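Colleague: Those protein sequence lines, which keep their order, are chains Z and U. So the first sequence is residues 1 to 264, counted in the UniProt record's numbering. So the second sequence is residues 1 to 264, counted in the UniProt record's numbering.
Just to be clear, a hint being listed does not mean it is correct.
One copy or two, it doesn't matter: identical chains are merged, so the pair holds either way.
To be verified - Calculated lysine-lysine pairs in the DSS-like style (CA-CA distance at most 30 Å, straight line): (1) K54 - K40; (2) K224 - K112; (3) K54 - K254; (4) K108 - K187; (5) K177 - K54; (6) K131 - K112; (7) K175 - K212; (8) K105 - K175; (9) K105 - K187; (10) K131 - K212.
Derived from the structure by calculation, the hints contain no laboratory data. Given the structure is predicted, the values throughout are model-derived calculations rather than measurements.
Protein chains: 2
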Amino acid sequence: MLTIVKIGGNVIDDPRLLHRFLVDWAAVTGPKLLVHGGGKIASAIGQRLGIEPKMVDGRRITDAETLEVVTMVYGGLVNKNIVALLQALGNNAIGLTGADANIIKAEKRPVKTIDYGFVGDVKGPESINAKALDAILQAGFSPVVAPLTHDCNGSLLNTNADTVASVLAVAMAEKYKVQLLYCFEKKGVLRDAADENSVVEKLTPESYSLMKDSGQVYAGMLPKLDNAFATLQSGVSIVKIGQSEDVLAMAEGKPAGTTIALEA
Amino acid sequence: MLTIVKIGGNVIDDPRLLHRFLVDWAAVTGPKLLVHGGGKIASAIGQRLGIEPKMVDGRRITDAETLEVVTMVYGGLVNKNIVALLQALGNNAIGLTGADANIIKAEKRPVKTIDYGFVGDVKGPESINAKALDAILQAGFSPVVAPLTHDCNGSLLNTNADTVASVLAVAMAEKYKVQLLYCFEKKGVLRDAADENSVVEKLTPESYSLMKDSGQVYAGMLPKLDNAFATLQSGVSIVKIGQSEDVLAMAEGKPAGTTIALEA
Chain Z
1 MLTIVKIGGN
11 VIDDPRLLHR
21 FLVDWAAVTG
31 PKLLVHGGGK
41 IASAIGQRLG
51 IEPKMVDGRR
61 ITDAETLEVV
71 TMVYGGLVNK
81 NIVALLQALG
91 NNAIGLTGAD
101 ANIIKAEKRP
111 VKTIDYGFVG
121 DVKGPESINA
131 KALDAILQAG
141 FSPVVAPLTH
151 DCNGSLLNTN
161 ADTVASVLAV
171 AMAEKYKVQL
181 LYCFEKKGVL
191 RDAADENSVV
201 EKLTPESYSL
211 MKDSGQVYAG
221 MLPKLDNAFA
231 TLQSGVSIVK
241 IGQSEDVLAM
251 AEGKPAGTTI
261 ALEA
Chain U
1 MLTIVKIGGN
11 VIDDPRLLHR
21 FLVDWAAVTG
31 PKLLVHGGGK
41 IASAIGQRLG
51 IEPKMVDGRR
61 ITDAETLEVV
71 TMVYGGLVNK
81 NIVALLQALG
91 NNAIGLTGAD
101 ANIIKAEKRP
111 VKTIDYGFVG
121 DVKGPESINA
131 KALDAILQAG
141 FSPVVAPLTH
151 DCNGSLLNTN
161 ADTVASVLAV
171 AMAEKYKVQL
181 LYCFEKKGVL
191 RDAADENSVV
201 EKLTPESYSL
211 MKDSGQVYAG
221 MLPKLDNAFA
231 TLQSGVSIVK
241 IGQSEDVLAM
251 AEGKPAGTTI
261 ALEA
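Using the sequences and the hints given, assemble the complete structure.
Modeller: Next up, the structure:
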């Protein structure tokens, strides 16, 4: 079983939470691959450099200067610090962007109403160099992947980390049994947004449909969950959503987080 | 033959020269490994962030803030842009710091008269994870190595790129026949510093000694050349010094640069 985990800003921006996560991640057995987002550090560094973050509909507009910042922060500062910490914890981590070994090809998003700048759309699992990733895993390394992709013409592109994780999972599912774990700020999908402990153990297309109708899941959760179901339909064996503190339990199949399932 | 090349600021800071070098580097046949320095970009970014570069005896003092800057710039901006450009040129590059696959262990320099901060000293070839590098080369990847090392306790350290190149060369010489090419701003060691074309074809310990006595080589060249001779004595087969424009000729054994040799 290949375990792929995605962590986001809530973990990366909190040194205590990040350290706890990395200790648990180092303890996960078997081949594994970590995808990280960028967090607020990119905006903070950008602002110190005099570059104001430009967001449209919750997405960062990546102009040339911003691309430099995310390359520095995601590919350098965040990625290499995670790698060094994991190595100190005994995990044989190797930090990669989509350009390294050309593991993730993308296309610069075409300009329609909004020019997102240097943002990369990954077409699908065929954009992943699964052979290279397999060679890296076979050599005993644990990839730590920054959400930067390659236009195959020498330019890096900024890509959503959730997307990177799911496309990697689908591509690797051709050879491996894959479990994909999304860590976010909640313990899982909640029956009641006000009750942290109302975690839905298992979400099927039927229960998801009911929860959408009742308004129990909404906004930012919808693309995450749509994406999770699509990933299962594309051959990934297990998909779970939960908090980073539960990563070890989720990876080991203990009750934790919400399991996304095609059948009840 | 494993070819190891080190490029410095004069190439990295000049997009035209960098592109020309990368085209040639992509054309070098056989297993290869590129070590790059940082150039002036780290100082420029640091200054924009309000961090003044602190130099003592030509060495950067690496406080915690400066370590963040060099991690971003060397490990992110410079390294990943080189990797993306090389991938576009058909070279299967993979960007690494000393923390990735723990390839370069170092010790934080002890404080004597000067506190260099987060600067790493590499003990010797035993600090190199040659097995990991060999696995990466065997998998068909060309490492691009940033001058950052790992204290094995979760912290990156800033290390001189010339040192990184020479220690890597010596460590890899256990398994490979290695040629080590240092690219700098001159065509080679010059008989006459004022005459760009007075390149010494071959420098032996005897001719080096004479040139030191006559003052033809001095200052910054001395540690470079001392280091080059030591590398040969430690098992590296070929060491040359020349300009980046001649990297292909040097790699292919055509007349270019200065060959450092133990015998005439």
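Colleague: Confirm or reject each hint.
Modeller: Okay, the hints, checked on the actual structure:
Taking the shortest Cα distances, K54 and K40 sit within 30 Å of each other both inside one copy (13 Å) and across copies (28 Å). Taking the shortest Cα distances, K224 and K112 sit within 30 Å of each other inside one copy (24 Å), while across copies they are farther apart (54 Å). Taking the closest pair of Cα atoms, K54 and K254 never come within 30 Å of each other, the shortest separation being 41 Å inside a single copy and 52 Å across copies. Taking CA atoms no more than 30 Å apart as the test, K108 paired with K187 passes in neither setting, with 34 Å inside one copy and 40 Å between copies.
Within a single copy, K177 and K54 get their C-alpha atoms no closer than 39 Å, and across copies no closer than 51 Å, so neither meets the 30 Å cut-off. Neither within a single protomer nor between protomers do K131 and K112 lie at most 30 Å apart by alpha-carbon distance, with minima of 34 Å and 49 Å respectively. Taking the shortest Cα distances, K175 and K212 never come within 30 Å of each other, neither inside one copy (34 Å) nor across copies (61 Å). When the C-alpha separation of K105 and K175 is checked against a cutoff of 30 Å, the pair qualifies only within one copy, where the shortest distance is 19 Å, while the shortest distance between copies is 34 Å.
Taking the shortest Cα distances, K105 and K187 never come within 30 Å of each other, neither inside one copy (32 Å) nor across copies (38 Å). Taking the closest pair of Cα atoms, K131 and K212 never come within 30 Å of each other, the shortest separation being 38 Å inside a single copy and 52 Å across copies.
Checked against the numbered hints given earlier, the structure breaks hints 3, 4, 5, 6, 7, 9, 10 and satisfies all the rest.
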